[in-house]
Amino acid sequence: MKDINLKINGKSYRLSTNEDMRLIDVLRDELGLLGSKEGCGEGECGACTILMEGRTVNACMVMAFQTDEKEIITIEGLSNGEQLHPIQQAFIEIGAVQCGFCTPGMILSAKAILDKDTNPTREMIRQGISGNLCRCTGYAKIVDAIELAGKLLRNGGNNCEA
Amino acid sequence: MKKKGVGIGSTFYGTGYGNGFPDVSRAKAVLKEDGKVAVHVGATEVGQGSKTIMSQMAAEVMSIPLNDIIFICEDTKNMPDSGTAAASRQTYNTGNAIKLACEDLRKKVIENAFKELKLNSSVGLTLKNGEIYLKTLPSKNISLKELALCLLKNKELPLIGEGSFTAQTIEMDEETGQGAPYWPYTFNVYGVIVEVDTETGLIDIIKAVCAQDVGKAINPEMIEGQMDGGFAMGLGYSIYEDLGLKEGKMKNKNFTNYLIPTALDVPELEKFIIEDPESTGPFGAKGIGEPVMLGVAPAVLNAIYDAVGVRITQVPVTPDRLLRALKEERRE
Ligand code: FES
Ligand code: FES
Chain G
1 MKDINLKING KSYRLSTNED MRLIDVLRDE LGLLGSKEGC GEGECGACTI
51 LMEGRTVNAC MVMAFQTDEK EIITIEGLSN GEQLHPIQQA FIEIGAVQCG
101 FCTPGMILSA KAILDKDTNP TREMIRQGIS GNLCRCTGYA KIVDAIELAG
151 KLLRNGGNNC EA
Chain A
1 MKKKGVGIGS TFYGTGYGNG FPDVSRAKAV LKEDGKVAVH VGATEVGQGS
51 KTIMSQMAAE VMSIPLNDII FICEDTKNMP DSGTAAASRQ TYNTGNAIKL
101 ACEDLRKKVI ENAFKELKLN SSVGLTLKNG EIYLKTLPSK NISLKELALC
151 LLKNKELPLI GEGSFTAQTI EMDEETGQGA PYWPYTFNVY GVIVEVDTET
201 GLIDIIKAVC AQDVGKAINP EMIEGQMDGG FAMGLGYSIY EDLGLKEGKM
251 KNKNFTNYLI PTALDVPELE KFIIEDPEST GPFGAKGIGE PVMLGVAPAV
301 LNAIYDAVGV RITQVPVTPD RLLRALKEER RE
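Just so you know, the sequences run in chain order G and A. Straight run, no breaks: the first sequence in the numbering used here ends on number 162. Straight run, no breaks: the second sequence in the numbering used here ends on number 332.
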């Protein structure tokens, strides 16, 4: 057992965790944040992608105790109440979601790309989401959506960046 | 050495269960008290977009905004069966059932409107943009919302339309191979340009185009999404994805060795939607779910043949398989 403090989507938590607990278990099983998906459980598919200290990580590959004093953003932290984040809005607009299993991870990878540069090339976008597998879309619409999201953000977005 | 080649792959595909197997979809359309229409159907949304296009179809028949359609699916307690989301059959089969159910409801709405409007008959009454009116005297009208309220007062709600559609297929004669096992058929063609590295056995797709017959595109954006997705799956099938089956056991059961294409592996696909309305389809539409992936592997394998003159007959064409084939070719 180890007690950890962490900040998820701007909210502070104090939790006692087992040694063998992964971050994805904390999110889904302890906190009920079911937006992050577990696909492969071995760091290959990216369905569990979240942002830790602003960088994408696979929540299935991070042990809970490693997240002590860390700041984490999950898909639940993106919208501002009913108001969607520009990336979410763009995914809907373009039709970049099919089954939706990859979507939460995809959107966080997109955020990491756009946090660095709101005007990335398509190649940079493809590079940035290459760790997120999608079985449905063939990625084209996802790349389109991230391009559109960049444009929304450059135009001031819809103001829901917390 | 890097060698370029061009290949095409063209397919036709019978959608639905086929071969005489009963292929039935059912649907219900219900007028609600606020004038909205609820569509109850057993079709399953798995990401292909059935909820969207079937709502569009219902809105079209009822001539009301898409937001006034309440689409309810995937609950066997509340809706009739529409068969599986398989065989690329939902657009055509269940689309037809929804169209029939809405047409049935539309007829009932008009019959009730003529009573409310105190006319002699329902002849010449039509439903458009949420209003039922007499074509020869449009001031004789009642909105769907008003009608729903009247019916509610008279305790005549809910008003229900029903539809059932069975695809026409005939079992093939085993002796002669004759029959009409499927209807309808969907056609497509893929064209690809590949670059084959004869040293490493790696295959690069430089350009890819797809022309897909859809009957009628109910939602072109979603069709494009299906085409992109089918292409990526077909590409994986052609050159990456290998279960490594040995004596019934899978060797490659993780994403480390069962490789599905990433965003860097899938080139942009140029897409052409071909519309040739199918007379028995709902608004002319046909299914494309499976067809969109079928032409990819033949196109890629043909392009490899064009590039290096080796006819490969096994997928996926992994680098080691290709190098082995090239070696054998040289030996002969
Ligand atoms: S579940 Fe974490 S990478 Fe697949
Ligand atoms: S939308 Fe289904 S896996 Fe990406």
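A few of these clues could be false.
[Stated by the list, open to error] So the derived list for chain G, only partly shown, Cβ under 10 Å to chain A, looks like this:
| id | residue |
| --- | --- |
| 1 | Met-21 |
| 2 | Cys-45 |
| 3 | Ala-96 |
| 4 | Lys-116 |
| 5 | Pro-120 |
| 6 | Arg-122 |
| 7 | Asn-132 |
| 8 | Thr-137 |
[What the hints assert, rightly or not] To give an idea of the interface, some chain G residues facing chain A are shown, with a C-beta separation under 7 Å as derived from the structure:
| id | residue |
| --- | --- |
| 9 | Tyr-13 |
| 10 | Glu-44 |
| 11 | Asn-80 |
| 12 | Gly-95 |
| 13 | Arg-126 |
| 14 | Leu-133 |
| 15 | Cys-136 |
[As the list claims (entries may be wrong)] Capping the alpha-carbon separation at 30 Å, the derived lysine-lysine pairs in BS3-like fashion look like this:
| id | chain 1 | residue 1 | chain 2 | residue 2 |
| --- | --- | --- | --- | --- |
| 16 | A | Lys-128 | A | Lys-36 |
| 17 | A | Lys-145 | A | Lys-115 |
| 18 | A | Lys-140 | A | Lys-107 |
| 19 | G | Lys-151 | A | Lys-271 |
| 20 | G | Lys-70 | G | Lys-7 |
| 21 | A | Lys-207 | G | Lys-151 |
Hints in this document: simulated from the structure, not taken from any laboratory. Ideal placement from N, C-alpha and C gives every residue a C-beta, glycine not left out.
Tested hints:
| no. | hint | in the structure |
| --- | --- | --- |
| 1 | Met-21 | 22 Å, violated |
| 2 | Cys-45 | 6 Å, holds |
| 3 | Ala-96 | 8 Å, holds |
| 4 | Lys-116 | 17 Å, violated |
| 5 | Pro-120 | 13 Å, violated |
| 6 | Arg-122 | 8 Å, holds |
| 7 | Asn-132 | 7 Å, holds |
| 8 | Thr-137 | 5 Å, holds |
| 9 | Tyr-13 | 31 Å, violated |
| 10 | Glu-44 | 4 Å, holds |
| 11 | Asn-80 | 24 Å, violated |
| 12 | Gly-95 | 5 Å, holds |
| 13 | Arg-126 | 4 Å, holds |
| 14 | Leu-133 | 6 Å, holds |
| 15 | Cys-136 | 5 Å, holds |
| 16 | A:Lys-128 <-> A:Lys-36 | 14 Å, holds |
| 17 | A:Lys-145 <-> A:Lys-115 | 16 Å, holds |
| 18 | A:Lys-140 <-> A:Lys-107 | 18 Å, holds |
| 19 | G:Lys-151 <-> A:Lys-271 | 24 Å, holds |
| 20 | G:Lys-70 <-> G:Lys-7 | 6 Å, holds |
| 21 | A:Lys-207 <-> G:Lys-151 | 27 Å, holds |
Going down the numbered hints, you'll see the structure goes against 1, 4, 5, 9, 11, while the others check out.
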